[in-house]
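Chains as they are written, first to last, in the numbering used here: chain A, 19 to 316; chain B, 19 to 316; chain C, 19 to 316; chain D, 19 to 316; chain E, 19 to 316; chain F, 19 to 316.
Certain hints may be false.
Copies of the same chain look alike in the list, so a pair counts if it works inside one copy or between any two.
[Unchecked claim] Subject to a maximum C-alpha distance of 27 angstroms in a straight line, what follows is the list of computed DSS-like cross-link-like pairs (lysine-lysine):
| no. | residue 1 | residue 2 |
| --- | --- | --- |
| 1 | K43 | K133 |
| 2 | K26 | K97 |
| 3 | K209 | K295 |
| 4 | K248 | K26 |
| 5 | K97 | K156 |
| 6 | K133 | K153 |
| 7 | K255 | K268 |
| 8 | K255 | K43 |
| 9 | K106 | K159 |
| 10 | K137 | K156 |
| 11 | K245 | K268 |
| 12 | K195 | K153 |
| 13 | K287 | K137 |
| 14 | K26 | K295 |
| 15 | K153 | K288 |
In case anyone wonders, no lab produced these hints; they're calculated from the structure.
There are 6 protein chains.
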Amino acid sequence: MVEELVFKARILQSALPYIREFYGKTFVIKYGGSAMTEESLRESFAKDVVLLRYVGIRVVIVHGGGPKISQTLEKFGIKPHFMGGLRKTDEDVIHVVEMVLSGDINKDIVALINKYSGKNIYAVGLSGRDGQLIKAKKLDKEAYFKSLGLEVPEEDIGYVGQVEGVNVELLYALMEKAYIPVIAPIGVGDKGEAYNINADLVASHIAMALRAEKLIYLTDTEGVKDKEGKLISTLRKEEALRLISEGVIKGGMLPKLRSALEALEAGVKKVHIIDGKIFHSILLEVFTQEGIGTEIVE
Amino acid sequence: MVEELVFKARILQSALPYIREFYGKTFVIKYGGSAMTEESLRESFAKDVVLLRYVGIRVVIVHGGGPKISQTLEKFGIKPHFMGGLRKTDEDVIHVVEMVLSGDINKDIVALINKYSGKNIYAVGLSGRDGQLIKAKKLDKEAYFKSLGLEVPEEDIGYVGQVEGVNVELLYALMEKAYIPVIAPIGVGDKGEAYNINADLVASHIAMALRAEKLIYLTDTEGVKDKEGKLISTLRKEEALRLISEGVIKGGMLPKLRSALEALEAGVKKVHIIDGKIFHSILLEVFTQEGIGTEIVE
Amino acid sequence: MVEELVFKARILQSALPYIREFYGKTFVIKYGGSAMTEESLRESFAKDVVLLRYVGIRVVIVHGGGPKISQTLEKFGIKPHFMGGLRKTDEDVIHVVEMVLSGDINKDIVALINKYSGKNIYAVGLSGRDGQLIKAKKLDKEAYFKSLGLEVPEEDIGYVGQVEGVNVELLYALMEKAYIPVIAPIGVGDKGEAYNINADLVASHIAMALRAEKLIYLTDTEGVKDKEGKLISTLRKEEALRLISEGVIKGGMLPKLRSALEALEAGVKKVHIIDGKIFHSILLEVFTQEGIGTEIVE
Amino acid sequence: MVEELVFKARILQSALPYIREFYGKTFVIKYGGSAMTEESLRESFAKDVVLLRYVGIRVVIVHGGGPKISQTLEKFGIKPHFMGGLRKTDEDVIHVVEMVLSGDINKDIVALINKYSGKNIYAVGLSGRDGQLIKAKKLDKEAYFKSLGLEVPEEDIGYVGQVEGVNVELLYALMEKAYIPVIAPIGVGDKGEAYNINADLVASHIAMALRAEKLIYLTDTEGVKDKEGKLISTLRKEEALRLISEGVIKGGMLPKLRSALEALEAGVKKVHIIDGKIFHSILLEVFTQEGIGTEIVE
Amino acid sequence: MVEELVFKARILQSALPYIREFYGKTFVIKYGGSAMTEESLRESFAKDVVLLRYVGIRVVIVHGGGPKISQTLEKFGIKPHFMGGLRKTDEDVIHVVEMVLSGDINKDIVALINKYSGKNIYAVGLSGRDGQLIKAKKLDKEAYFKSLGLEVPEEDIGYVGQVEGVNVELLYALMEKAYIPVIAPIGVGDKGEAYNINADLVASHIAMALRAEKLIYLTDTEGVKDKEGKLISTLRKEEALRLISEGVIKGGMLPKLRSALEALEAGVKKVHIIDGKIFHSILLEVFTQEGIGTEIVE
Amino acid sequence: MVEELVFKARILQSALPYIREFYGKTFVIKYGGSAMTEESLRESFAKDVVLLRYVGIRVVIVHGGGPKISQTLEKFGIKPHFMGGLRKTDEDVIHVVEMVLSGDINKDIVALINKYSGKNIYAVGLSGRDGQLIKAKKLDKEAYFKSLGLEVPEEDIGYVGQVEGVNVELLYALMEKAYIPVIAPIGVGDKGEAYNINADLVASHIAMALRAEKLIYLTDTEGVKDKEGKLISTLRKEEALRLISEGVIKGGMLPKLRSALEALEAGVKKVHIIDGKIFHSILLEVFTQEGIGTEIVE
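Throw the hints in and build the complete structure from the sequences for me.
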């Protein structure tokens, strides 16, 4: 039995080099996909986040909306309407979107983390309207559609926003006192109005504003794949640009990769795209040499 | 014209004795009723809160739910069911209640205040699940119904809670840095579950935990009235107890007055019940000698 | 009656935009003239200063000497002797000047402010010899008289000084703890000797050293006037220079305007020349859009 | 020559035990008599004060008025009028007294110390009206005259005060930043009016409020003497009381000794009465075993 | 392979409840025996200590001397002489003892820990003479020998000491800045002379002075055993006393157990006696439920 | 007798200008030679260091090894072997060297200083392995021997090191809390191994890293001498270079002077080479105008 225990201890020790390296650094984690919806994955995520915080890593969570937004809109009798991958977000829609993001999903994540957090550390939920955290303006429709090679529609896209600035002071005030900020991807406009913003982009902007050590995307894919569909473990910037220009990267991975590259440019050390369907995927990526998923570096 | 200006200045000066007195003190304001629903009253409220904070008063807002909860439940096709004045709150209902309180009303108030707050001060929205702010447990049904002289129903009341404790550290961390906490009356249970709690009671518990100078209830009535229906300006504890025992106080005023008396006992200096339908009612009550509404003192 | 109160509250609210703007900023006020000698104006001044401090503005007062110096010299049997507008200040004279400024006028202003200051804020009187606050040397007689187009007199001017440097640390130590420094325009020379310095110049040097938001001259005139004798509300730098070169500005206004321009150059945001004979003139200038007097800007 | 230097060094070293003992402690020094009027004694005093501060002792100076008050009153044509050793102080007199104390003597002492203080330490002059430092009320005439065994006069004594309280916060704010407070014995009444207070009593009240290690009276006598006129080196409380009751102590020494005993009672460790006519008398008393003068202990 | 990684992650997670519990607490570890002499056990010890510090536990190491003292004395030609289990420690001996403890063993442990410590945390070696850390006096020979039921010898025991006091401030100054103090069991007497003190006792005194959460003895035995020689997992105070009085506990375990009981009395939460020959024995005892060795509790 | 006392006081006062000048500055003192071995000189040194610290000077001591290393090596039966003035330091030798330096000499100096230090200030002994204070690598043998004009030997020099970097944070942490660091000239290599480093060089590197005001070498010579053997009181950089190039400086003085010049280059204000055989030589050099020994300046 002692042998078993010693084996356990050796594994604990194997994390030391990583703990040492990341002590006092900031990780921004984009939380979404199955990791946010399946109960056992949720628990595994919460414990990982708490463990990271206890070993001295400053963690900030940015979450997406998932299927709950559509479900709730449906209950409200609002039919989904998408344009170029974006949800048309009129006043009724933004109202429901914010309610679901800030009042339901956000608080559930907070409570989930606090279930494991002990008495020294707590999660606190924020929307971009709290403390004017995420300043936003209406999405530049023309630029957006053109970047996708699509025709720019006449129709108004509504309260879909883009990040104008991040008010890091509220985050610092909370992180100093060992709170874990959990952020809903709602931005605030000049008149206080709410904007729905892509959570991947919010995460990368928060990471840039905090000059984070790592930006981690928890997704439902294994990572970035090459032409042959093989997972790429480490992706350098130039190679990523090549893959994009060759059209190998497409769909939801495209904006993720673009924001990853932008984040690297702005001083974030590493971006990770990992499979949230694997238990403890964050710990695995951070605390083992092999890692899982794709790490993107300068 | 100069005379007019000097007249204005004299009025500004008339606030000095009150500013001097309340500098550095904490006011907990229960925000609800028309002051929360009518646009012009909302603006007047927001400006008052911001002004109080700028003159050195630490303000904490606790808001209720108002008609939005019932409206949203209806949209979800859930029929309201009340027992002894309490909404039966099963899992579906608490879900909607939290979403409306923390994700809709709370963020709207935050944005409203931030519209007037300038760059030194910001509102930050919190639910009782953030930072384990309001620890709660299921309402003691028996005690509750007996206290109202009603028969205790068999039926389960669901996720209706009562305050078990307040985690003031998160509030201090925010107030130190000049943030204005805006709190939704949701409590968190042992397993992280949400409870719907009466906002008046949440406000009085927050005031007690912060040893506030003032607890202010913004209501839709003028204040406490005597047997003849005349407004009572100042109400002493013993008189309040007498009015209660004589049955003069009833309806929604009864729990408000009870929590006011409990707050005084626990060290809160004064409780105010004022008419939120009057513009700038908070400033009037705080910064003029006459005041409006009823003040309750030891 | 409630209407009246609401009207009052609206006026209080009208100050919010200004409070918001000047929160945490520093105002240096040159105090003199009738505002310093007439009892009711004195009270109005003291209350204004206290109110400014309570709403978060860091106030520093620099006062002049007024008629008291001459009166006291007379009692001592010393006859006034002026040269080019400057009092000849031999050892006997500087002795009386310092005594009146630092021991009489200064302490009276301190007591006046403390009468209204409450328990969180206090005025503290300082002379330039305290903490080596205002380092001075003998006035450069030649430069001075030449700048006025006058012949340089043979006679010694005595202990008339000019500012060599300001030791801001003592001011910061006091302002951090919410004290209001009240400064007598006495400078200290290399050997510890006292110098009589023009209070307008002391005020502008203090404002420059503190990089003040505003430098306010309380005078006995309405403000700067144009060729036709009409009050100029806002005066830009170039226009001021033009008015000086055209000889429109003369007398005591000339050095005031010159030091105003020097202060703007050194980073002070705005200089105000206002009529201290109007009640609450400081509040009026600071907290209303119309203002009174002249504001001088880059 | 080296021998001479080594001899010097040995003397420097002889101060170490005292420096070690008093490091971080507070000394309140009542400054008056010849030490305040004779130039060479003044310099020796200033250097001693500065040296004490540099070796880590927190020094507070309280000064008296000396002959300058009478001289100035005379120049103003006011005749001195004494009652039971107290100057009758009507409005004209208090005006001159304050001016001389706070504006002349105080600032001269400040400048004197700053002449030797270097760039890390500065003296700052304060009157009891600054920061409401010394709260005072009119002297209790009846108690005073009775304590002296004199008949209580009908005549009004005017603005002669007694200490009601000391506002230590201003002193702490200054001492923390290495300033040396120099205090004029002027108290402030409820309406901001000035009171003339006996400097010995002000010194003992300041020492009590600061729980000083030492209260040192610089006088023009060698110290306390016994019946035979022999200097007493160390005087215990009981013996002091005996000497008073036996009438051995009289004149100006009587109130000094009484306030010394009161100070000991309130927690001051030792009171010293020393001869200010000896050069460096403070250093001698503090830094040598023999000392000079009388030390009074519990 | 992913399964293997997930398995690893689960083990990392299994430490979370313990990390959460001990975050911010102090552990004092007595380091000695094989864990100090065998290379691979040394490395395992160093990594454990560093890991504990990174997860927020304040670690203080007290080490013994081991065989090196005797070896070095031998090289110096000094023959060991023991009395009642104590080394007779004359001036020559204490000289060598201190040199070996503070200059050899201590610095080797420091370097060992720093090899694994990364750039945020460092070990710093101290003897009880540094900062007057461990005040000591000569061992009370009579009390000591009587407590062992031995005759008190005539012969002088020399520089063998007992702890008189611990100067915790130096430890706090270092621990605040994330240093790990490593302490040699040398005490300092009134004249600065060194004393050799039993390291077990030094450890328990340091633990008491710091009100440590845990005092851990790393030994060469499995733990405390009962009459039948079976390891006792958890030992309550009364049972420990019974075992002592029944003579079950003897030899080196006796003083260890006595100092354990004394430590519990003084507020230390738990004392652990564990087998340092097991790899990662500290981690095993602290981070697993089963633990190894004996824990002693009130 | 009073005259004698006054004379003493005047001497105390004569130190004021120097205390004023060096307040808050850092002095690094290389301690060695007779000052370290003769009892009465040791006491005089300890008192001087303590006095410097009490008057606000931050003192850091670096000591050498003196005859004790050879004596101890001899007892161990190790024969000294020197190459180009350097001790060949194999594993056995470095072991003894460290033990003597860090465990014997270092702790004796610490105890010596603490004997005089009082309760506000303490010495703490450190080796370069504590807190990774002095990072070192093996001496560049080739560069060393060539710089001396000697043939580079084949033989390995062993653990003789040179300074690679100084970790000032540990020193700051201790000095902030009024501790006096006493440093043994042992460096730490990449693998934690100890290196013997010339103490003069360690002292100059510590002085450079702390940007010290003074670097003081306590030696057994009077100072630097010119061609005629006359002591040079003040030596400018260019002159020093000339003396070196002309071969006037030789022996142990050569590396001392070289490190002095390097220290000046790196921002140290003055380097002093003084005769430690004179009592209180440090005080004499620092606190008198004449000084003793040689001061080297830019």
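Going down the list of hints, with the structure as the test:
no., hint, in the structure
1, K43 x K133, "both (24 angstroms within a copy, 21 angstroms between copies)"
2, K26 x K97, "neither (53 angstroms within a copy, 45 angstroms between copies)"
3, K209 x K295, "between (40 angstroms within a copy, 24 angstroms between copies)"
4, K248 x K26, "between (33 angstroms within a copy, 25 angstroms between copies)"
5, K97 x K156, "within (22 angstroms within a copy, 37 angstroms between copies)"
6, K133 x K153, "between (31 angstroms within a copy, 13 angstroms between copies)"
7, K255 x K268, "within (16 angstroms within a copy, 59 angstroms between copies)"
8, K255 x K43, "within (22 angstroms within a copy, 44 angstroms between copies)"
9, K106 x K159, "within (12 angstroms within a copy, 45 angstroms between copies)"
10, K137 x K156, "between (40 angstroms within a copy, 22 angstroms between copies)"
11, K245 x K268, "within (11 angstroms within a copy, 73 angstroms between copies)"
12, K195 x K153, "both (24 angstroms within a copy, 20 angstroms between copies)"
13, K287 x K137, "between (31 angstroms within a copy, 18 angstroms between copies)"
14, K26 x K295, "both (24 angstroms within a copy, 16 angstroms between copies)"
15, K153 x K288, "within (25 angstroms within a copy, 30 angstroms between copies)"
When each numbered hint is compared with the structure, a violation occurs for hint 2 only.
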